[in-house]
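Undergrad: Listed in order, the protein sequences are those of chains A and B.
Anchor point for the first sequence: position 194 equals 194 in the numbering used here, and the numbering is continuous, going up by one each time.
Anchor point for the second sequence: position 106 equals 106 in the numbering used here, and the numbering is continuous, going up by one each time.
I should point out that these hints are in silico values taken from the structure, not numbers from a laboratory.
Only a predicted model underlies this, so the values are computations on that prediction, with no experimental measurement involved.
Where a beta carbon is used, it is the ideal one built from N, C-alpha and C, also for glycine.
There's no promise every hint is true.
To be clear about the criterion: a stretch of chain B counts as covered by chain A if any three or more of its residues have a C-beta under 8 Å from a C-beta of chain A, and this derived list gives those stretches [what the hints assert, rightly or not]:
id, stretch
1, 200-208
2, 213-225
3, 247-256
Restraint ranges, calculated between C-beta atoms of paired labels, are given here [as the list claims (entries may be wrong)]:
id, chain 1, residue 1, chain 2, residue 2, range
4, A, ASP154, B, ASP30, 52 to 60 Å
5, A, ASP154, B, ALA254, 29 to 37 Å
6, B, SER232, A, GLY234, 49 to 57 Å
7, A, ARG18, B, ARG177, 42 to 50 Å
8, B, LYS250, A, ASN106, 25 to 33 Å
2 protein chains.
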Amino acid sequence: MKSILLPALFLSAALVARAEIRVQTVEYKDGDTVLEGSVTWDTTVPGNRPGILIVHQWKGITDYEQKRAEMLAKLGYVAFCADIYGKGVRPASPQEAGATAGKYKNDRALLRQRVNLALAQLRAQPPVDPKRIAALGYCFGGTTVIELARSGADTAGVVSFHGGLDSPSPADGKKIRTKVLVLHGADDPFVPAKDLAAFTAEMRDSGVDWQMISYGGAVHSFSDWNSKGPNSGGAAYNEPADRRSWEAMKQFFAEIFR
Amino acid sequence: MKSILLPALFLSAALVARAEIRVQTVEYKDGDTVLEGSVTWDTTVPGNRPGILIVHQWKGITDYEQKRAEMLAKLGYVAFCADIYGKGVRPASPQEAGATAGKYKNDRALLRQRVNLALAQLRAQPPVDPKRIAALGYCFGGTTVIELARSGADTAGVVSFHGGLDSPSPADGKKIRTKVLVLHGADDPFVPAKDLAAFTAEMRDSGVDWQMISYGGAVHSFSDWNSKGPNSGGAAYNEPADRRSWEAMKQFFAEIFR
Chain A
1 MKSILLPALF
11 LSAALVARAE
21 IRVQTVEYKD
31 GDTVLEGSVT
41 WDTTVPGNRP
51 GILIVHQWKG
61 ITDYEQKRAE
71 MLAKLGYVAF
81 CADIYGKGVR
91 PASPQEAGAT
101 AGKYKNDRAL
111 LRQRVNLALA
121 QLRAQPPVDP
131 KRIAALGYCF
141 GGTTVIELAR
151 SGADTAGVVS
161 FHGGLDSPSP
171 ADGKKIRTKV
181 LVLHGADDPF
191 VPAKDLAAFT
201 AEMRDSGVDW
211 QMISYGGAVH
221 SFSDWNSKGP
231 NSGGAAYNEP
241 ADRRSWEAMK
251 QFFAEIFR
Chain B
1 MKSILLPALF
11 LSAALVARAE
21 IRVQTVEYKD
31 GDTVLEGSVT
41 WDTTVPGNRP
51 GILIVHQWKG
61 ITDYEQKRAE
71 MLAKLGYVAF
81 CADIYGKGVR
91 PASPQEAGAT
101 AGKYKNDRAL
111 LRQRVNLALA
121 QLRAQPPVDP
131 KRIAALGYCF
141 GGTTVIELAR
151 SGADTAGVVS
161 FHGGLDSPSP
171 ADGKKIRTKV
181 LVLHGADDPF
191 VPAKDLAAFT
201 AEMRDSGVDW
211 QMISYGGAVH
221 SFSDWNSKGP
231 NSGGAAYNEP
241 ADRRSWEAMK
251 QFFAEIFR
């Protein structure tokens, strides 16, 4: 509406055009277990910049997470795709994915350890400003970044996209020292009302700086463009919720990194 | 983070500096009842532009609503402060305010009539593009703009800031043909869980394009800088929730007016 939008958009388009996105595989370890993540950044952005940890859905790192990393790199961030499962552990079927994700959901100590190892990798990447770090995750990864917060990790913020919110140890909410943004499908059948109520109580009792956005008409996986099919299946891509949640994330980052 | 932010901010500051905000009282009528609203706009912004209806809290139009109108005018909108109660009806005490607001909450037909009359006034203001209209309201005004939506009014969107969400006729959700954004204090004791559940069901059953943001640690009146005192009183200003909800509103307007 204001004329200032035009030059800003023009410059932005020019910057995007000259972005040079680089992706590098990063091997790291948890004891004897080899983990394989990746770091993605724009080599044309000068200087140190905030780092964003991305935690994958239940099938491990896929093209989806890598595409999100590129989108974040184009916004000027350094993105690191965490590998929770281990090198080569990339379950192909829903059954395998459910079993693998379940292993970590049922062992929150191991889950916290793996996500904190990935966070340390992100922090050590040369273009990252180690004081400006956030984490985000999708579905299983959303659960994981909330668990990262509950581990007491020192980040500026965590963002869950359609993640599970349950906790076997709600008292751990008191360890949270980061801002929390939950992006939630209002019709998500995999996040039952009792989990929402328990999560709200955990955040409230712990005095956490938290927010939740509920997107009407959206179910599980609303941001995942690979999730075809009707809402009745319980998981489906939802374009408005995808777009709005991405904008909400950008706004959150603008606040925590200002 | 990107260098484009600098020229944009610089230009923006320059524009704000030269804004010329004009406020004009507008008398209009509901039968024999005289209503007194106001229109606020920036005379330096060229051309027609979106119009935003502002519906007041339980004390009627105060300096608070007028200040919000100026803030919207500085963003380039035409703002119209609706008068639901009638000229000179400006209850001073909480008791009077509660009684006056209650009169309209208990007569939703009258409430819808009054808010639609204000909407017509906004639409008729010369600098307003009558095809790009939204409504927002605070507390009682939040309830009112949701009621405006339920009346089937033709707007691009409505935004409720800490408004009540109950409805005596949930089937009216089916009349809604505007986007709905609810900005809610997660600890607001005046919006009980049963109202949230009923509102969610109403929106879901009606297929409305709706979103709700819950701000942790925020109670009723979170955006009202005149609301002093502790959260334990149930109504209190909350700076982060105020700032974030204003940004969410701007993002919503950017979407619906694009």
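Undergrad: Each hint should be assessed against the structure and marked as holding or not.
TA: Against the structure, the hints:
As drawn, the stretch 200-208 of chain B meets chain A at 5 residues by the rule of a beta-carbon pair under 8 Å; at three or more, the given contact holds. By the rule of at least three residues with a Cβ nearer than 8 Å to a Cβ of chain A, the coverage given for the stretch 213-225 of chain B holds, with 5 such residues. Here the stretch 247-256 of chain B counts 4 residues with a CB under 8 Å from a CB of chain A, which clears the bar of 3, and the coverage holds. A hinted range of 52 to 60 Å for the beta carbons of ASP154(A) and ASP30(B) is consistent with their spacing of about 58 Å.
The hint said 29 to 37 Å for the Cβ distance between ASP154(A) and ALA254(B), and at roughly 33 Å that hint holds. The hint said 49 to 57 Å for the Cβ distance between SER232(B) and GLY234(A), and at roughly 40 Å that hint is violated. For ARG18(A) and ARG177(B), the Cβ-Cβ distance of about 43 Å falls inside the hinted range of 42 to 50 Å, so the restraint holds. At about 42 Å, the beta-carbon gap between LYS250(B) and ASN106(A) misses the expected band of 25 to 33 Å.
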